[in-house]
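The task is simple: from the sequences and hints, build the whole structure.
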Amino acid sequence: MVPVQNIVSLLAAVGVCKVTKLNAVLRTIYFLPVVCSMTVIALSFGMMFNYNIGIIPAILKGWGFKVPDLLNSTTWAMPTVILISIFKSFGFNKVIFIAALQGVPKYLYEAAEIDGSNKAKSFFCITIPSIAPTIAFTIITSIIGSFQVFDQVYVTTKGGPLFTTETIVQFIYERTFKTMEMGIATAAAFLLFAIILVATLISFSFSQKFESNF
-17 MVPVQNIVSL LAAVGVCKVT KLNAVLRTIY FLPVVCSMTV IALSFGMMFN YNIGIIPAIL
43 KGWGFKVPDL LNSTTWAMPT VILISIFKSF GFNKVIFIAA LQGVPKYLYE AAEIDGSNKA
103 KSFFCITIPS IAPTIAFTII TSIIGSFQVF DQVYVTTKGG PLFTTETIVQ FIYERTFKTM
163 EMGIATAAAF LLFAIILVAT LISFSFSQKF ESNF
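Each residue of the sequence shown is one higher than the last, beginning at -17 in the numbering used here.
There could be a bad hint or two in this list.
Stated by the list, open to error - Computed Cβ-Cβ distance ranges for the label pairs, DEER-style:
id, residue 1, residue 2, range
1, L144, V49, 13 to 23 Å
2, F188, F47, 33 to 43 Å
3, L25, A93, 20 to 30 Å
4, I(-11), I41, 23 to 33 Å
5, M30, V(-10), 43 to 53 Å
6, A93, F13, 27 to 37 Å
7, Q130, L25, 16 to 26 Å
8, V(-10), Q190, 19 to 29 Å
9, A81, S187, 39 to 49 Å
10, V22, P61, 18 to 28 Å
11, F132, T2, 35 to 45 Å
Claimed, not checked - Below, a list of computed lysine-lysine pairs in the DSSO-like style, where the Cα atoms sit at most 27 Å apart:
id, residue 1, residue 2
12, K3, K101
13, K48, K160
14, K88, K3
15, K88, K103
16, K101, K88
17, K0, K88
18, K160, K140
19, K43, K140
20, K140, K0
21, K101, K0
I should point out that these hints are in silico values taken from the structure, not numbers from a laboratory.
We put the CB at the ideal spot given by N, CA and C, even for glycine.
Printed below as a string of C-alpha cells:
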C-alpha cells in the first residue's frame, strides 16, 4: 500500500504542479477525499463494489467479464480495501509533494536542459534528489497510517472473509468491546505501538541514508 500510495501521489503532483486554471481545479478535486469522512468514503465504495447492486460489477458484467464478489473474496478483499485507503489519503501526500516540487530551483532544470537532459532524466536526477526529505516524510507517515487502518475495513468487510482483511486496530477493537478481553487488547495495543516505533526508526534511518546518497 505504501509504495503505491506515494508513487500515485507523486505522479499526480508532477502532473498538476504547473500553475494553471485547470490544474487548480484538479488540485481541488484530488484533495476532496482528504476532507471527507473515511466512513462515508468506505460506505460509498462498499455500495459501488457490492456484487448484487454495485455499479462497478454491473458495468464489468455488462462487458462480459466474470466478476468476483470483491468484498467477500479472500483474493480481492484486501486489494479493494487498499484501493479505498489510497483514494482517501493520496490527496494529502499530493499537496505535500506539490509544495516540495515548487521549491525546486528552476535554474537546475534550465541548466540540465542546456546540457541535453530530457524530462525523464531531469526527474530522476534533479527532482527526486531535491525532494528526498519530503519523500522520506510521506513514506514514514504512510507507514504509520497503514498500521492504524480501521474504518474502511470495519465498514466494508469487518475483517473478513476468513480474517484476510483484519487489522491490528480492528483486533484491538474486537477484543475490547466485543469479547471484553482487556488483557489481550492491551497487549495488542502495546505491540502496535512497538511496531510503529520500530517502523518509524527504520524508515528514518533509511531516509537519512537515501538523502546522503544524493
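How the hints compare with the structure:
1. For L144 paired with V49, a C-beta distance near 20 Å keeps the hint of 13 to 23 Å intact.
2. For the pair F188 and F47, the supplied restraint of 33 to 43 Å holds, since their beta-carbon distance comes to about 40 Å.
3. Against the hinted window of 20 to 30 Å, the Cβ-Cβ separation of L25 and A93 comes to about 51 Å, which falls outside the hint.
4. Taken as a hint, the range 23 to 33 Å holds for the pair I(-11) and I41, whose Cβ atoms sit roughly 26 Å apart.
5. Checking the proposed 43 to 53 Å range against M30 and V(-10) shows it is violated: the Cβ atoms sit about 19 Å from each other.
6. Separated by about 33 Å at the C-beta atoms, A93 and F13 satisfy the suggested range of 27 to 37 Å.
7. For the pair Q130 and L25, the supplied restraint of 16 to 26 Å holds, since their beta-carbon distance comes to about 19 Å.
8. Range check, V(-10) to Q190: about 25 Å between beta-carbon atoms, so the 19 to 29 Å window is met.
9. A hinted range of 39 to 49 Å is violated for the C-beta pair A81 and S187, which are about 25 Å apart.
10. Hint check: V22 to P61, Cβ distance near 21 Å, so the stated range 18 to 28 Å holds.
11. One distance hint, 35 to 45 Å for the beta-carbon pair F132 and T2, holds here, with the actual separation near 38 Å.
12. For the suggested pair K3 and K101, the alpha carbons sit about 23 Å apart, so the restraint of at most 27 Å is met.
13. A hinted pair counts as satisfied when its Cα atoms are at most 27 Å apart, and K48 with K160 does not qualify at roughly 37 Å.
14. For the hint linking K88 to K3, the alpha-carbon distance of about 21 Å falls within 27 Å, and the restraint holds.
15. With a C-alpha separation of about 15 Å, the suggested pairing of K88 with K103 holds against the 27 Å cut-off.
16. For the hint pairing K101 with K88, the CA-to-CA distance comes to about 13 Å; that is within 27 Å, so the pair holds.
17. Using a Cα cut-off of 27 Å, the hinted pair K0 and K88 holds, with the two alpha carbons roughly 12 Å apart.
18. A threshold of 27 Å between alpha carbons decides the hint, and for K160 with K140 the separation of about 13 Å falls inside it, so the pair holds.
19. Taking the CA atoms of K43 and K140, the gap is near 26 Å; set against the 27 Å cutoff, the hint holds.
20. Proximity of K140 to K0 is assessed by CA-CA distance (about 41 Å); at most 27 Å being required, the pair is judged violated.
21. A C-alpha spacing of about 15 Å is found between K101 and K0, which places the hinted pair at or below 27 Å, so the restraint holds.
In summary, the numbered hints that this structure violates are 3, 5, 9, 13 and 20.
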